[in-house]
Amino acid sequence: MKFTLNIWRQKGPDERGRLVTYEARDVSSGMSFLEMLDSVNQGLIAKGEEPVAFEQDCREGICGSCSLVINGIPHGPDRGITTCQLYMRRFPDGAVITIEPWRARAFPIIKDLVVDRRALDRIMQAGGYISVHTGGAVDGNVLLISKDQAETAMDAAACIGCGACVAACKNASPALFVGAKVSHLALLPQGKPERTSRVKAMLEAVDREGFGSCGNQNECEAVCPKRISVRFIATLNREYLWSGVVESGLPAEPESPHAESA
Amino acid sequence: MMKLDSKIPPGPLETKWDRRRFSEKLVSPNNKRKITVIVVGTGLAGASAASTLGQLGYQVECFCFQDSPRRAHSIAAQGGINAAKNYQDDGDSVGRLFYDTIKGGDFRSREANVYRLAQVSTQIIDQCVALGIPFAREYGGQLANRSFGGVQVSRTFYCRGQTGQQLLLGAYSALCWQVEQGQVTMRPRTEMLDLVMVDGQARGIVVRDLVTGRVSIHTAHAVVLATGGYSNVYYLSTNASGSNVTATYRAWKQGAAFANPCFTQIHPTAIPPGDASQAKLTLMSESLRNDGRLWVPKMARDHRPPEDIPAAERDYFLERRYPRFGNLAPRDIASRAVKAVCDEDRGVGPGGYGVYLDFADVVAQQGFDVVRERYGNLFDMYQRITGEDACHAPMRIYPAPHYTMGGLWVDYNLMSTIPGLFVIGEANFADHGANRLGASSLMQGLADGYFILPYTIGHYLATAKLISIDEDHRESRAALQRVTSRVSRLLNVRGRRTAASFHREVGRLLWNHCGMSRNEEGLKSTLTSIPALREEFWRNVMVPGLGEAFNQELEYAGRVADYLEFAELLCHDALHREESCGAHFREEYQTAEGEPQRDDSRFAHVAVWEYREGTSPILHKEPLAFEFVQPTTRSYQ
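Chain order of the listed sequences is A and B. Numbered per the numbering used here, the first sequence spans residues 2 to 263. Numbered per the numbering used here, the second sequence spans residues 3 to 639.
Incorrect hints may have been included.
Selected chain A positions facing chain B (in silico; Cβ < 7 Å) [what the hints assert, rightly or not]:
hint : residue
1    : G31
2    : Q43
3    : I46
4    : G129
5    : V133
6    : D208
Cβ-to-Cβ under 10 Å is the rule here; a few derived chain B residues that face chain A [claimed, not checked]:
hint : residue
7    : Q144
8    : A146
9    : Q168
10   : E182
11   : R496
Which stretches of chain A does chain B cover? Using the computed rule of at least three CB atoms under 8 Å from a CB of chain B, they are [as the list claims (entries may be wrong)]:
hint : segment
12   : 64-70
13   : 86-94
14   : 114-120
15   : 135-148
16   : 154-160
17   : 189-200
Quick caveat, the hints were computed from the structure, so don't treat them as lab data. Just so you know, even glycine gets a beta-carbon here, dropped at the ideal spot from N, CA and C.
The whole structure should be built from the sequences, with the hints applied where relevant.
Here's what the structure looks like:
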């Protein structure tokens with residue numbers, strides 16, 4: 002198979018970028034999209050030219066490194082997969098394919114198709130955890146968690162942090178990313194003690210990093226390689242609302258009749 | 003002359019770790035604040051260690067080459083994590099997990115280390131639950147278990163087929179907490195390229211900032227390497243493309259001994275290799291062997307489609323050869339059995355590199371939905387890669403390099419032969435002997451990081467005499483000089499071959515002669531081929547671009563250069579070990595039935611290799627004394 006590739010090339014964060022056309026020849030249908038790019042790069046290196054910089058690592062759809070916008074869609078035309086899981090049999094022979102980086106103000110371009118996603122780590126550092134010290138945890142079976150609850154928490158926890166949700170959103174909102182983590186921890190009893198402070202701290206970090214707000218248009222869910230559901234954005238909004246209720250001084254739980262005397 | 007002191011506490015096995023913890027000196031809370039520890043790598047071992055050290059009050063500098071610590075390759079572990087909880091009441095215990103692991107490692111690991119691993123396994127599960135890891139649950143709300151290759155109890159905890167991901171994200175969240183607390187400074191996209199040694203102690207590292215290309219020195223009171231394994235020396239493996247041997251290999255060249263490098267695990271159930279452009283092999287979780295049955299046609303070169311081959315003409319070769327364990331035989335044994343039937347021309351699929359993994363029976367018994375719930379994501383993965391649906395036709399699988407039991411030598415306290423250099427997780431050699439059982443790598447990574455290193459490093463820091471140093475120290479500058487001159491050397495070759503072409507070639511040499519089976523002749527010929535290939539690399543490699551810039555090809559070429567040296571060490575070790583044990587199968591040492599022949603009289607030792615410039619590596623031996631278990635022939639028949 003043979004393809005014409007229009008690839009975004011940009012030397013550095015402050016340089017102007019542009020689409021450059023390359024031919025990919027002798028591509029077999031069983032090649033992965035990234036292997037096809039590898040072969041283009043091998044040709045460039047052999048000529049002493051700089052290869053196209055792109056991110057990849059595990060090549061099995063779990064590390065969240067790969068991050069290409071293919072013909073305008075983050076991770077390409079198929080739902081529920083990462084770029085590294087896309088195979089060339091998906092494209093007709095001779096197709097023209099445009100390859101661009103994630104685009105968002107909070108994800109500055111480092112080089113070519115590689116962007117800086119540390120903003121997502123900083124959101125996690127703001128509150129995407131349960132503050133428990135190592136050691137001294139109670140037996141794992143002390144906390145009974147229903148199967149459904151554990152499964153729903155797992156649905157949310159499956160997020161790989163690739164940032165496709167941000168890249169797909171016209172507002173560059175990470176609502177799905179944040180919603181997944183907030184929901185995962187809020188659904189489990191272990192996450193309850195920090196429930197209100199977590200959601201607020203994470204959303205404040207979102208604003209600080211220059212991400213946009215959620216417009217409820219669900220492009221994020223459509224491109225999410227792990228098919229994280231937008232209902233976790235609804236959970237995020239409920240959690241945020243709840244944190245406001247708690248802050249306004251309304252009682253979180255009905256007051257105990259013994260509260261005064263205790 | 004290198005001295006090996008394993009520092010194993012004497013006395014009863016059950017109380018060794020307790021007594022060690024009590025005898026260790028502690029660092030006072032005030033002093034911890036003044037101590038800096040460097041942690042390299044953010045997989046299960048590195049992230050859990052960095053977080054725990056931060057919680058204890060140390061200043062931690064943590065490095066990873068990925069753009070985020072959450073991307074370390076622990077993320078890809080699928081199946082589960084073992085722990086001797088005995089929640090199923092099926093006869094499990096710390097003693098049994100210990101024995102299974104020692105036996106699974108073919109009696110080539112230390113009793114004391116393995117027992118401690120089994121002891122802390124139960125704490126790991128509790129810690130992970132506390133961190134919010136959504137383990138699979140029963141309907142009543144209790145933790146669910148499944149059984150895993152090589153054992154007869156259900157002790158594996160799991161999160162669908164993404165256990166590694168969830169455990170890593172748990173450790174990553176603990177790390178995030180400590181970053182937020184100001185205890186850990188996280189430096190992603192930063193690659194360790196050398197070790198700074200002062201007065202014989204590890205005192206820092208030289209790193210290259212992968213964005214700017216700047217090379218710099220970071221000093222500390224101790225250095226922890228959690229840099230994973232080296233399966234990528236084979237080029238095609240199940241590891242992430244970034245996984246590499248550079249950190250441990252560079253430490254070796256500074257005097258840290260390397261133990262049992264030839265113990266490399268070839269995992270039986272990966273998707274078979276396709277064409278020459280293939281960049282990695284994708285693992286299908288071992289848990290598939292709980293329900294899938296491995297078979298090949300009885301007849302050689304039988305090219306009929308699987309559904310046209312009647313049951314009587316199929317050879318369920320694992321069930322036939324190992325009736326007691328059947329399809330759950332340990333990885334090394336299953337891999338060799340697959341190779342054996344393929345060598346008889348009974349392999350299936352392109353090139354005959356494959357065997358069937360068939361789910362037809364379990365689908366017939368339990369229904370499609372049950373199987374789908376259990377393995378859905380794995381079936382999807384298989385379909386995407388091969389274009390075939392495993393629910394209707396059997397999968398094809400073939401072994402692939404997956405995990406390395408060998409690594410830097412460490413004592414019971416996880417310290418290498420360099421004082422102040424600690425090594426944890428897959429990067430060390432300690433716990434798995436000659437073969438690792440399924441669901442044990444996650445256990446070991448977290449045991450080292452959460453529960454063992456944070457204790458043992460304290461004793462070192464409390465007792466070692468450490469002078470104050472900085473980036474301008476003579477040794478720091480020397481280390482920096484080594485790195486910068488190597489970087490410019492790589493850039494200045496400007497030859498005609500890509501680094502990948504050398505990597506592929508050295509990988510093929512190793513796979514053919516130092517892979518699933520090895521023999522003296524092949525190893526000796528490889529030991530002469532590698533230096534020639536290395537010489538060509540330094541004469542003819544092409545690395546475009548600049549050093550002081552984002553340059554992925556430069557990163558890669560540096561790693562390949564290390565593989566081209568490290569491959570020799572692997573072959574030396576495989577050549578010295580004139581026996582077959584675990585994952586190391588020497589063709590000269592097998593029974594008439596093709597089963598491995600271990601030689602405890604000559605090889606019940608850890609092979610510990612010392613670097614010496616200009617000559618072959620020097621072999622030292624740490625004898626393995628078995629006080630509590632009797633090494634037996636490891637039979638799964």
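Hint check:
Using the Cβ-Cβ criterion of 7 Å, the hint placing G31 (chain A) at the interface with chain B is satisfied: the shortest such distance is roughly 5 Å. Using the Cβ-Cβ criterion of 7 Å, the hint placing Q43 (chain A) at the interface with chain B is satisfied: the shortest such distance is roughly 5 Å. A least Cβ separation of about 5 Å between I46 (chain A) and chain B falls short of the 7 Å threshold, and the interface hint therefore holds. With a cut of 7 Å, the hint placing G129 (chain A) at the interface with chain B holds, because the nearest CB-to-CB distance is about 6 Å.
Look at V133 (chain A): its Cβ gets to within about 5 Å of chain B, closer than 7 Å, so that hint holds up. Residue-level restraint check for D208 (chain A) is violated (minimum Cβ-Cβ distance to chain B is 17 Å; threshold 7 Å). Hint status for Q144 (chain B) relative to chain A: holds, with the closest Cβ pair at about 5 Å, below 10 Å. Checking A146 (chain B) against chain A: minimum C-beta separation of about 8 Å stays under 10 Å; hint holds.
With a least beta-carbon distance of about 6 Å to chain A, the hint placing Q168 (chain B) at the interface is held under the 10 Å criterion. Checking E182 (chain B) against chain A: minimum C-beta separation of about 5 Å stays under 10 Å; hint holds. Hint on R496 (chain B) holds. Least Cβ distance to chain A is approximately 7 Å, under the 10 Å limit. Interface restraint, the segment 64-70 of chain A with chain B: holds (3 residues with C-beta to C-beta distance below 8 Å; minimum three).
With 3 residues carrying a beta carbon less than 8 Å from a beta carbon of chain B, the segment 86-94 of chain A meets the three-residue requirement, and the given coverage holds. For the segment 114-120 of chain A, the stated coverage by chain B holds: 4 residues have a C-beta nearer than 8 Å to a C-beta of that chain, and at least 3 were required. Coverage of a stretch by a chain is defined here by at least three residues with a beta carbon nearer than 8 Å to that chain's beta carbons; for the segment 135-148 of chain A and chain B the count is 12, and the condition holds. A stretch counts as covered by a chain when three or more of its residues have a beta carbon under 8 Å from one of that chain; for the segment 154-160 of chain A and chain B the count is 4, and the coverage holds.
Only residues whose C-beta sits within less than 8 Å of a C-beta in chain B count toward coverage, and the segment 189-200 of chain A has 3 of them, enough to reach three; the restraint holds.
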